[in-house]
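K.L.:
In order, the protein sequence lines correspond to chains W and D.
Its first residue numbered 1, the first sequence is counted upward by one per residue in this note's numbering.
Its first residue numbered 183, the second sequence is counted upward by one per residue in this note's numbering.
These aren't lab readings, by the way, just hints derived from the structure by calculation.
Accuracy of the hints is not assured; some may be wrong.
Only part of the chain D face toward chain W is listed, based on derived beta-carbon distances under 8 Å [to be verified]: (1) Val199; (2) Val214; (3) Gly215; (4) Glu219; (5) Pro274; (6) Lys277; (7) Leu280; (8) Pro281; (9) Val282.
Here are the in silico distance ranges between beta carbons for each label pair [to be verified]: (10) Gly83(W) with Ile190(D): 35 to 45 Å; (11) Asp144(W) with Val216(D): 35 to 45 Å; (12) Leu53(W) with Arg284(D): 23 to 33 Å; (13) Trp145(W) with Gly332(D): 40 to 50 Å; (14) Gly96(W) with Asn380(D): 20 to 30 Å; (15) Leu53(W) with Ala309(D): 20 to 30 Å.
Don't be surprised by glycine CBs; every beta carbon is placed ideally from N, CA and C.
For reference, the chains in residue letters:
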Amino acid sequence: MVDPVISMGAGLVLAFVFAAAALHKFRDPAYFSATLAAYGLLPGLLVPVAGRLLPALEFAVAGTLLLPDTRVMGGVAAALLLGTYTLAIGINLARGRRAIDCGCGDPAQRQGLSAWLLVRNGALAGLALLCAAPGPDRATGWLDWTVAILAAVTVCLVYSAGNQLLANRELLSNLGSSHGHA
Amino acid sequence: MGMPDALIVSNLLLWVVVIVMGIVILALVRQVGVLYERVAPAGALMVNRKLKAGEAAPELTVVDINGRPLTLGGVSKTGRSTLLFFLSPTCPICKTLLPVIRSAARSEKDWIDVILASDGKEHDHAAFVAGHDLGQFPYVSSEILGMSYGVGKLPYAVLIGEQGNIVSMGIINSREHLESLFESKEQGVASIQEYLNNRGPRSEAGGK
């Protein structure tokens, strides 16, 4: 039993995460396709198709998460997508390939693969489950929506800061061991 | 105003404060990232742990993907310098730099030969060369080459002078990084540190 404020808030956060990620992929399809190719999991012919399809899918999921009626479906779809991405990252980590770009979002924030990405995606999948979970049948008013929006904004800020911290680990390693450790 | 109203107002105010602090934290973390980028050595500044600029480049004979032997290092018989560019078929940044390499090879063709170095037996190098129109460059797939030159991160480039010495080397993420390698040949210094050290305090007697 998850309170509607929590499931609404989780839906808003995921909508933001998916829309932002989709926007980055959409803006530079060539770079995203190159990143997909580097993952080495799709046959060559499917890579450009997936390169266009995935951002569109992510936008669609973001849309369904925003509307209360489709939120449960959106949560399930989000969990499935996240699971697929996490599997792809996990397979490449098992192959020992850390230097490839994760392709999660901002190409400027060149993020290699690491176990932290698995943790982050796991947390996002948890959010997806929260927004798909059933809640008590209580009436929701303006206060519930207000709190959900405020909480979502807060979590999105923390999420963005967390992503930047992950990217900073890479940049720090470029400075070499004389500048401290990641 | 009853207790519940006061609590609601307090709660909403706290959310606003938390959000503002979240913005401040995000801004700080972004600034730290920018700082790391600015401080990071790249291009001619990069410090290679295996080789030093000014040393003789390791002399190796390798075979390119067309089966032709190539000698790297040693005094050049043609008096030309060599740009040894390390890349990989699975490196997206390397691919974005290919046009830069092509145009650099064209504009510096009077004194530089460009050689592409890759590795990884599992990659289809022939397809990569064909797919990206790299046939004009000798393409060598050799793990030993990367290891001999102490190459860690890609894309990486080493500029070998006509005397077989390493003029400069470093991670290449942009056209500017590549051009900084050529600049250091023109200036006769291996890196910005050396350039700044040479200029030194003017009162130093006998200084360069």
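K.L.:
Should the hint that Asp144(W) and Val216(D) are 35 to 45 Å apart at their CB atoms be regarded as holding?
P.N.:
holds (39 Å)
K.L.:
Does the interface hint hold: is Val282(D) within less than 8 Å of chain W, judged Cβ to Cβ?
P.N.:
Violated, because the Cβ-Cβ distance from Val282(D) to chain W comes to roughly 15 Å (cut-off 8 Å).
K.L.:
Can Val199(D) be said to touch chain W, with a Cβ gap under 8 Å?
P.N.:
violated (10 Å)
K.L.:
Given Glu219(D) was flagged as interface, is its beta-carbon under 8 Å from a beta-carbon of chain W?
P.N.:
holds (6 Å)
K.L.:
Quick one: are Gly96(W) and Asn380(D) within 20 to 30 Å, going by C-beta?
P.N.:
Violated - the Cβ-Cβ distance for Gly96(W) and Asn380(D), about 43 Å, lies outside 20 to 30 Å.
K.L.:
Falls inside 35 to 45 Å, the C-beta gap from Gly83(W) to Ile190(D)?
P.N.:
Given range 35 to 45 Å: holds, Cβ gap about 39 Å.
K.L.:
Return holds or violated for the Cβ distance of Leu53(W) and Arg284(D) against the range 23 to 33 Å.
P.N.:
holds (31 Å)
K.L.:
Please check whether Leu280(D) passes as an interface residue: C-beta within 8 Å of a C-beta belonging to chain W.
P.N.:
violated (11 Å)
K.L.:
Tell me if the beta carbons of Trp145(W) and Gly332(D) are separated by a distance inside 40 to 50 Å.
P.N.:
violated (58 Å)
K.L.:
Just to be sure I understand the hint, the distance between the Cβ atoms of Leu53(W) and Ala309(D) should be within 20 to 30 Å; is that true here?
P.N.:
holds (23 Å)
K.L.:
Under 8 Å, Cβ to Cβ, is where Pro281(D) needs to be relative to chain W, so tell me if that hint holds or is violated.
P.N.:
violated (12 Å)
K.L.:
Please check whether Gly215(D) passes as an interface residue: C-beta within 8 Å of a C-beta belonging to chain W.
P.N.:
With Cβ-Cβ at 5 Å, under 8 Å, it holds.
Of the hints listed earlier, those the structure fails to meet are numbers 1, 7, 8, 9, 13, 14, in rising order.
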